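*Asks:* Residue numbers (the working numbering), protein chains in the order written: chain A, 1 to 531; chain B, 1 to 531.
Everything labelled a hint here was simulated from the structure, so no lab data went into it. These numbers come from a predicted model, not from an experiment. Mixed in with the good hints there might be a few duds.
Intra- or inter-copy, both count: the list cannot distinguish identical chains.
As the list claims (entries may be wrong) - Cross-link-like lysine-lysine pairs, in silico, BS3-like; alpha carbons within 27 Å at most:
id: 1; residue 1: 524; residue 2: 255
id: 2; residue 1: 336; residue 2: 312
id: 3; residue 1: 365; residue 2: 466
id: 4; residue 1: 312; residue 2: 163
id: 5; residue 1: 365; residue 2: 54
id: 6; residue 1: 466; residue 2: 367
id: 7; residue 1: 365; residue 2: 55
id: 8; residue 1: 352; residue 2: 54
id: 9; residue 1: 81; residue 2: 309
id: 10; residue 1: 62; residue 2: 448
id: 11; residue 1: 448; residue 2: 163
id: 12; residue 1: 163; residue 2: 255
id: 13; residue 1: 196; residue 2: 336
id: 14; residue 1: 160; residue 2: 312
id: 15; residue 1: 80; residue 2: 309
id: 16; residue 1: 255; residue 2: 33
id: 17; residue 1: 33; residue 2: 309
id: 18; residue 1: 365; residue 2: 163
id: 19; residue 1: 80; residue 2: 352
id: 20; residue 1: 2; residue 2: 152
id: 21; residue 1: 466; residue 2: 336
id: 22; residue 1: 80; residue 2: 336
Protein chains: 2
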Amino acid sequence: MKKITIYDTTLRDGAQAEELNLTTEDKIRIAHKLDELGIHYIEAGWPGSNPTDKKFFDEIKKHTFEFARLTAFGSTHLAKKTPAQDANLNALLAAETSVITIFGKSWDLHATTALGIPLERNLELISNSIDYLCQRVDEVIFDAEHFFDGYKNNPEYALKALKAAYQAGASRLILCDTNGGTLTHEVAATISAVRKALPNASLGIHAHNDSEMAVANSIEAVRLGACQVQGTINGYGERCGNANLCSVIPNLELKMGLETIGQGNLERLTSTSHYISEIANLRPFMRQPFVGASAFAHKGGIHVSAILKDAKTYEHIIPETVGNEQRVLLSDQAGKSNILFKARELGYELGKNDPTVDLLLRELKQKESMGYEYSVADASFELVLLEALGTPLNYFRFQNFFVVDAKREEDAEPFTEATVIVDVKGQVEHTAATGMGPVNALDRALRKGLERFYPKLSEVKLLDFKVRVLSGAVRDTGGTASFVRVLIETGDKHERWTTMGVSHNIIEASWQAVVDSVNYKLFKDDLRDTL
Amino acid sequence: MKKITIYDTTLRDGAQAEELNLTTEDKIRIAHKLDELGIHYIEAGWPGSNPTDKKFFDEIKKHTFEFARLTAFGSTHLAKKTPAQDANLNALLAAETSVITIFGKSWDLHATTALGIPLERNLELISNSIDYLCQRVDEVIFDAEHFFDGYKNNPEYALKALKAAYQAGASRLILCDTNGGTLTHEVAATISAVRKALPNASLGIHAHNDSEMAVANSIEAVRLGACQVQGTINGYGERCGNANLCSVIPNLELKMGLETIGQGNLERLTSTSHYISEIANLRPFMRQPFVGASAFAHKGGIHVSAILKDAKTYEHIIPETVGNEQRVLLSDQAGKSNILFKARELGYELGKNDPTVDLLLRELKQKESMGYEYSVADASFELVLLEALGTPLNYFRFQNFFVVDAKREEDAEPFTEATVIVDVKGQVEHTAATGMGPVNALDRALRKGLERFYPKLSEVKLLDFKVRVLSGAVRDTGGTASFVRVLIETGDKHERWTTMGVSHNIIEASWQAVVDSVNYKLFKDDLRDTL
């Protein structure tokens with residue numbers, strides 16, 4: 001089976017994304033995760049460019065990797081220096097990686113305008129830099145920057161740039177669509193031309209997504225003979241991002257029968273994607289192919305009914321091969337099938353003609369029109385289900401809360417205090433707590449009131465807190481009076497669960513989500529005790 | 001110039017997206033917007049499938065469109081009915097659109113498994129339905145569902161399905177990659193085969209993005225002879241979405257020299273994309289090609305320095321052709337060029353060696369590491385700039401605020417009241433206000449205190465309020481004690497501006513953003529008065 005190497009530049013090119021901001025610790029964790037995934041090359045940064053990158057390379061020397069080869073990235077030497085004098089090349093060597101990747105100009109416009117040097121001199125920079133480095137490290141890869149635009153405008157010059165790198169000893173020539181403007185058939189034609197001109201060279205592709213073709217271009221390049229694909233996890237990168245490895249890898253493995261990270265590792269793809277988006281502090285894109293939460297999520301009644309007969313009818317691959325899963329959604333487009341499926345998933349067998357199903361469907365559509373979205377808050381849905389089944393929970397009854405935020409100084413955070421009054425099986429508890437914000441204070445006050453009766457609540461930890469302003473209401477009532485939806489993710493030693501609240505008032509919305517979360521925990525504990 | 005028609009299914013296929021939930025009013029507004037954009041066909045829904053869609057078609061009869069042709073979508077008639085008896089076909093005719101689009105099974109598996117009928121009968125359903133409708137409306141389009149998978153598995157049968165539709169009078173045969181699993185070169189080969197088998201048929205492409213190739217597949221299909229592309233705005237749709245028309249259209253117009261909506265309308269693309277994401281209540285995807293906020297945003301120092309010489313060096317098209325714009329970002333990767341550019345954009349000429357620039361760069365990097373993101377809050381940045389230039393604002397001085405949320409009943413929202421004490425040029429104002437939530441109450445109380453001195457504050461309207469929990473801190477302190485970033489968008493009759501606040505406490509973060517917003521307004525009013 002033909003093997004394609006995967007070269008990840010999440011830590012370098014990916015980090016140039018507008019919304020990305022990684023610390024050294026973040027990068028180290030990501031590097032190890034990529035190593036576990038079976039990535040062949042990890043381009044970890046540009047040591048000559050800024051102190052953060054340099055610090056990273058100093059740190060990473062203390063770490064070992066099972067499989068991946070770390071690479072340091074940098075530019076050809078400055079025109080007015082020799083390689084030995086060049087600070088950038090020296091920084092690359094000081095990084096002590098076994099592989100160095102050098103990028104050089106292959107578009108004549110860039111040499112003359114961006115660098116302001118003669119075309120011949122640019123070729124020398126490429127040869128000199130690569131020759132110098134080849135004598136000092138195991139492997140030097142050449143990134144032909146702007147190759148496709150360069151080839152369109154001055155094909156002879158672009159090929160000269162490649163040849164200069166090849167003859168100087170570069171192990172691989174990576175053709176970069178740096179501006180991301182190249183169409184798929186143009187990539188195919190260009191790669192064919194390069195293969196004719198340099199039949200023995202090992203080629204790679206580095207695509208950008210400005211025309212929304214980076215993945216297709218990468219696949220097409222491999223089909224035409226490239227044996228390395230460069231990209232990033234989740235397609236992060238400057239402007240529209242790099243080729244998304246989370247799409248490239250499964251396309252190569254599952255549809256083209258090529259070996260990249262291996263099918264065992266492929267099952268880690270979804271969890272790797274999530275892990276990295278979490279470290280990056282970026283909301284995952286639900287519609288992301290292969291690994292996105294919606295990638296195998298079915299909403300329309302007809303689709304649901306068909307996939308329940310044969311998943312192949314509406315799924316192009318088996319979700320588990322990439323570590324994802326099929327989901328059936330509840331929505332106002334839901335039919336009875338969706339409710340039955342969801343209830344069964346939660347452990348409740350309902351008959352198709354059970355009046356509860358109609359009741360639930362009506363309740364669901366009505367709440368969804370107010371902004372509730374049960375497809376993302378399973379635990380809240382389960383509580384609605386219990387109430388519809390005539391078995392509402394009764395662990396405590398709300399009486400009163402009172403939250404105060406008082407700010408007395410210009411540069412201090414407010415002092416926040418909450419008091420809560422709840423009736424727990426006839427006993428009234430009145431508690432108070434401070435907090436780092438109003439929701440934190442309420443949560444702590446409530447738990448204080450309940451822990452005496454339900455000690456297991458102390459195991460509970462709030463893991464995540466998401467707020468979304470439902471701008472449907474913005475147009476009606478103005479910015480700060482919109483509907484707000486709060487999602488809280490909670491966990492204990494058994495599981496994690498998500499609950500939701502919706503209100504004009506962010507405190508009220510958070511309170512609903514906190515109450516649902518506590519009720520869910522108590523309900524599950526009871527279930528566990530009876531088993 | 002060859003013309004390619006654009007067929008938009010945002011209101012039908014797009015609406016099957018997990019996160020999408022459109023009301024009838026939403027759909028009407030979107031339909032008019034698409035008409036203004038120059039879209040040729042608007043597939044507005046499936047009248048036979050649910051009451052919401054049917055209601056929409058009843059409503060839309062009262063509206064006229066300048067340019068677009070509305071289409072109603074539905075399935076072939078039920079096997080056990082005749083066309084005249086079929087409820088779905090009758091609902092289609094009752095919608096009274098001039099165009100009807102019928103989808104039929106072209107993959108044998110779907111006929112036998114999903115529908116449970118013999119293969120010959122499926123072909124009859126296609127012929128009968130189309131023949132019946134062709135006699136009653138101007139135009140009938142045939143969507144060959146799952147065509148590419150169907151062709152892979154049983155090419156003769158797939159072609160028979162097309163022929164049945166063609167002979168029955170379908171104006172166009174749309175080849176659908178319904179599961180989204182087809183690779184670009186496979187699309188090319190299949191379309192070529194179809195063109196050989198049916199040389200006089202007018203073909204279209206309807207791609208899904210499950211392999212992240214929908215746009216590339218659409219472009220390739222056009223290159224091989226398709227003359228209609230079906231897709232959605234922003235790529236909305238079930239699972240991974242449909243082909244993104246915001247990428248398809250500029251690729252066809254600007255890179256392939258084909259006419260779609262016309263270059264005048266092309267300039268409306270970005271605003272149309274935003275308008276529709278706002279109606280859909282979905283956060284726009286920043287990295288979206290062509291129209292995304294980051295599509296022409298440059299962060300790295302080297303890129304910024306090059307594009308300031310010639311934008312072509314890092315931009316594949318001129319942003320204004322699609323109604324977008326170039327942006328230079330401030331970040332910890334910013335160099336002096338970014339600061340100078342940003343300051344100049346705001347009207348301040350700073351010298352390269354002005355010590356303010358270094359001061360600002362340091363301030364910026366420090367604040368960004370805490371979670372501030374000035375790239376999205378220009379007005380807050382301008383206030384930081386003013387302070388660095390030694391001209392801080394002095395419209396009012398904070399002394400105290402106090403916010404209370406008191407909930408006394410199970411199903412009621414809390415009563416919220418804020419008091420604010422500010423010193424306005426030596427005069428102390430102590431005001432109180434209620435609100436629909438704590439931030440709304442604070443905002444109202446503050447403005448009450450200031451409006452006596454600055455009457456123009458009454459022109460100000462809060463337009464949007466965004467909250468983001470910076471989950472970097474979640475791992476350290478737990479869910480409800482994370483850092484929160486609040487962005488407020490404000491507007492008056494002159495402009496709109498965005499301000500920001502960051503804190504553990506959501507009230508404090510909101511307060512910072514509100515204060516910046518008020519200060520910015522007062523500052524701009526002063527500037528206008530002096531001009």
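*Asks:* State for each hint whether it applies.
*Replies:* Outcome of the hint check:
1. With identical chains, the CA atoms of residue 524 and residue 255 are never at most 27 Å apart, being 42 Å at best within one copy and 58 Å at best between copies.
2. In this assembly of identical chains, residue 336 and residue 312 lie within 27 Å of each other by CA distance solely inside one copy; the values are 22 Å within and 55 Å between copies.
3. In this assembly of identical chains, the alpha carbons of residue 365 and residue 466 lie at most 27 Å apart whether taken from the same copy (23 Å) or from different copies (26 Å).
4. Taking the shortest Cα distances, residue 312 and residue 163 sit within 27 Å of each other only across copies (25 Å), while inside one copy they are farther apart (47 Å).
5. Proximity of residue 365 to residue 54 under the C-alpha cut-off of 27 Å is restricted to the inter-copy arrangement: shortest distance 17 Å between copies versus 54 Å within a copy.
6. Taking the shortest alpha-carbon separations for residue 466 and residue 367, both the intra-copy value of 19 Å and the inter-copy value of 22 Å come in at or below 27 Å.
7. With identical chains, the CA atoms of residue 365 and residue 55 are at most 27 Å apart between copies only, with a shortest distance of 16 Å across copies and 53 Å within one.
8. Proximity of residue 352 to residue 54 under the C-alpha cut-off of 27 Å is restricted to the inter-copy arrangement: shortest distance 26 Å between copies versus 63 Å within a copy.
9. When the C-alpha separation of residue 81 and residue 309 is checked against a cutoff of 27 Å, the pair qualifies only between copies, where the shortest distance is 23 Å, while the shortest distance within a copy is 68 Å.
10. For a Cα distance limit of 27 Å, the shortest separation of residue 62 from residue 448 qualifies neither inside one copy, at 45 Å, nor across copies, at 59 Å.
11. Taking identical chains as interchangeable, the C-alpha atoms of residue 448 and residue 163 are never at most 27 Å apart, the minima being 72 Å within one chain and 72 Å between chains.
12. Taking the shortest alpha-carbon separations for residue 163 and residue 255, neither the intra-copy value of 33 Å nor the inter-copy value of 29 Å comes in at or below 27 Å.
13. Taking identical chains as interchangeable, the C-alpha atoms of residue 196 and residue 336 are never at most 27 Å apart, the minima being 60 Å within one chain and 45 Å between chains.
14. For the homomeric pair residue 160 and residue 312, the shortest alpha-carbon distance between copies (22 Å) is at most 27 Å, but the shortest distance inside one copy (49 Å) is not.
15. For the homomeric pair residue 80 and residue 309, the shortest alpha-carbon distance between copies (21 Å) is at most 27 Å, but the shortest distance inside one copy (69 Å) is not.
16. Only within a single protomer do residue 255 and residue 33 lie at most 27 Å apart by alpha-carbon distance; the minimum there is 25 Å, versus 39 Å between protomers.
17. Taking the shortest alpha-carbon separations for residue 33 and residue 309, neither the intra-copy value of 37 Å nor the inter-copy value of 39 Å comes in at or below 27 Å.
18. For the identical chains of this complex, residue 365 and residue 163 are neighbours neither inside a copy (64 Å) nor across copies (41 Å), given an alpha-carbon limit of 27 Å.
19. For a Cα distance limit of 27 Å, the shortest separation of residue 80 from residue 352 across copies, 24 Å, qualifies, whereas the shortest one inside one copy, 79 Å, does not.
20. Taking the shortest Cα distances, residue 2 and residue 152 sit within 27 Å of each other only across copies (23 Å), while inside one copy they are farther apart (30 Å).
21. Taking the closest pair of Cα atoms, residue 466 and residue 336 never come within 27 Å of each other, the shortest separation being 30 Å inside a single copy and 35 Å across copies.
22. Proximity of residue 80 and residue 336 under a CA criterion of 27 Å is satisfied inter-copy only: 23 Å between copies versus 73 Å inside one chain copy.
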